[in-house]
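Participant: One letter stands for each residue in the lines below.
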Amino acid sequence: MEEALRQAGLKLEEIKSVISTGTGRKRVPFAQKQRTAMSCHAKGAYFLFPQVRTVIDVGAESSAAIRLSADGKIEDSVGNDKCAAGTGIFLDAMSRMLRVSLGEMGAESLKATGTVPISSMCVIFAESEVVSHVHKDPPIPCANILAGIHDSIVDRLFGMAQRVGMEPEVVMTGGVSKNVGIIRAMESKLGAKVLVPEDPQIVGALGAALFAQQENGIRESC
Amino acid sequence: MLTMGIDIGSRSTQCVILEDGQLLTYGNIETGPNSTENSRAAVEAAIHRRDELWGEYRMQLPNTDTSHLRIEDMAYIVATGYGRVVVPFANANITEISCHARGAHWFVPGVSTILDMGGQDCKGIRVNERGEVTKFIMNDKCAGGTGRFMEIIAAIIQLPLPEIGPISLESTKKIPFNTICAVFAKSEAVALMKDGASKADILAGLHEAISARVLALLKRVGIEEKFVITGGIAKNVGVVRKVEDKLGGLKATIPAEPQIAGALGAALFALDRARKKAAENTSRTICSAPGKEAAPDQGLIP
Amino acid sequence: MEANYGYCDASGDYFIVINTDDCDGCNRCVEVCPQSVLALVVDDYEETVAAVGEAFRKKLKESCAACKPVGKRLLPPCIESCAMNAISHSW
Chain F
22 MEEALRQAGL
32 KLEEIKSVIS
42 TGTGRKRVPF
52 AQKQRTAMSC
62 HAKGAYFLFP
72 QVRTVIDVGA
82 ESSAAIRLSA
92 DGKIEDSVGN
102 DKCAAGTGIF
112 LDAMSRMLRV
122 SLGEMGAESL
132 KATGTVPISS
142 MCVIFAESEV
152 VSHVHKDPPI
162 PCANILAGIH
172 DSIVDRLFGM
182 AQRVGMEPEV
192 VMTGGVSKNV
202 GIIRAMESKL
212 GAKVLVPEDP
222 QIVGALGAAL
232 FAQQENGIRE
242 SC
Chain E
381 MLTMGIDIGS
391 RSTQCVILED
401 GQLLTYGNIE
411 TGPNSTENSR
421 AAVEAAIHRR
431 DELWGEYRMQ
441 LPNTDTSHLR
451 IEDMAYIVAT
461 GYGRVVVPFA
471 NANITEISCH
481 ARGAHWFVPG
491 VSTILDMGGQ
501 DCKGIRVNER
511 GEVTKFIMND
521 KCAGGTGRFM
531 EIIAAIIQLP
541 LPEIGPISLE
551 STKKIPFNTI
561 CAVFAKSEAV
571 ALMKDGASKA
581 DILAGLHEAI
591 SARVLALLKR
601 VGIEEKFVIT
611 GGIAKNVGVV
621 RKVEDKLGGL
631 KATIPAEPQI
641 AGALGAALFA
651 LDRARKKAAE
661 NTSRTICSAP
671 GKEAAPDQGL
681 IP
Chain A
25 MEANYGYCDA
35 SGDYFIVINT
45 DDCDGCNRCV
55 EVCPQSVLAL
65 VVDDYEETVA
75 AVGEAFRKKL
85 KESCAACKPV
95 GKRLLPPCIE
105 SCAMNAISHS
115 W
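Protein chains in written order, with this note's numbering: chain F, 22 to 243; chain E, 381 to 682; chain A, 25 to 115.
Only chain F is shown next, with the shape it has when bound in the complex (with noise of 0.2 Å):
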């Protein structure tokens, strides 16, 4: 918050109202009311892409897929955040694994001649997949590894999308598309482009500042 109102140029008390979201939005101090982040998630989104019908968040440690209507409402949504398979944690995992730097993984995955098959859904079994294709002999590049590593993480949040019915546009919001190699990942396996926000991560808040001004608006109004 501090570092948002710097940015403005504003100060707390000029803030009409704060909606929180998110696994922590209970402990907000300062926000009047809480959404879940699947309906601020599928705000932010729309306001961004009207054409969005397909929301696929990918944070940290959960990921959701959402299905929306052409004015916005969410029509079916799936999410998970008690397994660790399809979120940014295998990622995170792997970064640390192959010394490579997260924030690189995705370009670096980009430069891949071929792709490793991970047949492991479970993040623990994947790591010791990763772990024998690390110590092959002749080696296999690391590219290639990064490239099935991120295929595996588009596989599951495929799996998720269908549950819901993928209809185009689909946009990805979330930390971890930020990854171009992820996004590389779902259009392929999509056959089509994915849209993706300037910045994925701050979506969520997006989305919950617009239901505060909906709903401050309308009390204006009265």
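Hints in this document: simulated from the structure, not taken from any laboratory. It is possible that some hints are incorrect.
Examples of chain E residues lying across from chain F (beta carbon under 8 Å, computed) [stated by the list, open to error]:
#, residue
1, LYS521
2, ALA523
3, ARG528
4, SER551
5, PHE557
6, CYS561
7, ALA562
8, VAL563
9, PHE607
Which residues of chain F face chain E? A partial, calculated answer using Cβ under 7 Å [unchecked claim]:
#, residue
10, PHE68
11, LYS103
12, ALA105
13, ILE110
14, MET142
15, CYS143
16, VAL144
The C-beta atom is built at its ideal place from N, Cα and C for all residues, glycine as well.
Starting from the structure of chain F, add chains E and A where the hints point.
Facilitator: Just chains E and A, lined up with the frame of chain F:
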């Protein structure tokens, strides 16, 4: 008649040799990367009576010298477990579900429900009075319900794996873990350790989570007496105790050597098939050999 | 025998249950599955019955995703096609 069963698991491999269905010898080794060498090494361990993982033998074996035995002496060999398709000298491969059921039934003749948890999987099996499978359920996709979870816990808590069970029993405070995902549970445990929570309490909380998971799996096939636990998890008194508590005091029977149930079942299937083959061969001998249908007046000279 | 193929992970239970005593090996479920998840096999008791292919046993949440949408009450084609009611999904 000698028969052999080989069970290749993710962590350990067992080889069991039966003589006419009686336990003659067994061996237990760590699973190596090369399947052929691994299976031969397991046979060597059985022949020379070596348990390389747990050291001492916990079952009475006949006082016979088995060191002269060879693979060629076996009437039939069945392989099972993860490597069941890569044992080159096996005559047949049978699923680990059926072999575990048969093996547990040999150890505990009245068994009805089996829980088996190995390094990378967890199985619930119901058997009938003949040791045949009537229902089964298996999870080998998620580390959270397997021995792998226990290994991860032991590493975080910094205790040897055999100790986490007994130490979890010393817990005095309940710490709930709201997910069975090993990745999330691991971060929660690390955070708790930093906050100063006791090892016993953290271990008890994790054992509670995994027991709840195991029970949910078992309930799908139904739990009835006699209840047998096999696989590495049988040696974790913390999990065994919690599962028994949740079953309202139904006691679990733990075979003397829970890790050999799969290989033993495989060796029993081998015995069935060897006997069937022998019976087929005998009837073929009677019917196909020429001139054996003796004419009643054979003795008369024309 | 009641065969539960699949897995449970922290996000739920995903099993396809096939009752091999009721299954008559007609192969219809194998044919209608758009992802080829099912196959006819000879089991350890030497009966020909339907089973989930080995490659799919750890992927059911994904392979069955298109047939099991959230919020709709349609039956997946495999269950609909079985005249013996021998197959069911756990989620």
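Participant: Hints first: check each against the structure and report whether it holds.
Facilitator: Hints, one by one, checked against the model:
{"no.": "1", "hint": "LYS521", "in the structure": "holds, 6 Å"}
{"no.": "2", "hint": "ALA523", "in the structure": "holds, 4 Å"}
{"no.": "3", "hint": "ARG528", "in the structure": "holds, 6 Å"}
{"no.": "4", "hint": "SER551", "in the structure": "violated, 24 Å"}
{"no.": "5", "hint": "PHE557", "in the structure": "violated, 11 Å"}
{"no.": "6", "hint": "CYS561", "in the structure": "holds, 5 Å"}
{"no.": "7", "hint": "ALA562", "in the structure": "holds, 5 Å"}
{"no.": "8", "hint": "VAL563", "in the structure": "holds, 4 Å"}
{"no.": "9", "hint": "PHE607", "in the structure": "violated, 28 Å"}
{"no.": "10", "hint": "PHE68", "in the structure": "violated, 32 Å"}
{"no.": "11", "hint": "LYS103", "in the structure": "holds, 5 Å"}
{"no.": "12", "hint": "ALA105", "in the structure": "holds, 4 Å"}
{"no.": "13", "hint": "ILE110", "in the structure": "holds, 6 Å"}
{"no.": "14", "hint": "MET142", "in the structure": "holds, 6 Å"}
{"no.": "15", "hint": "CYS143", "in the structure": "holds, 5 Å"}
{"no.": "16", "hint": "VAL144", "in the structure": "holds, 5 Å"}
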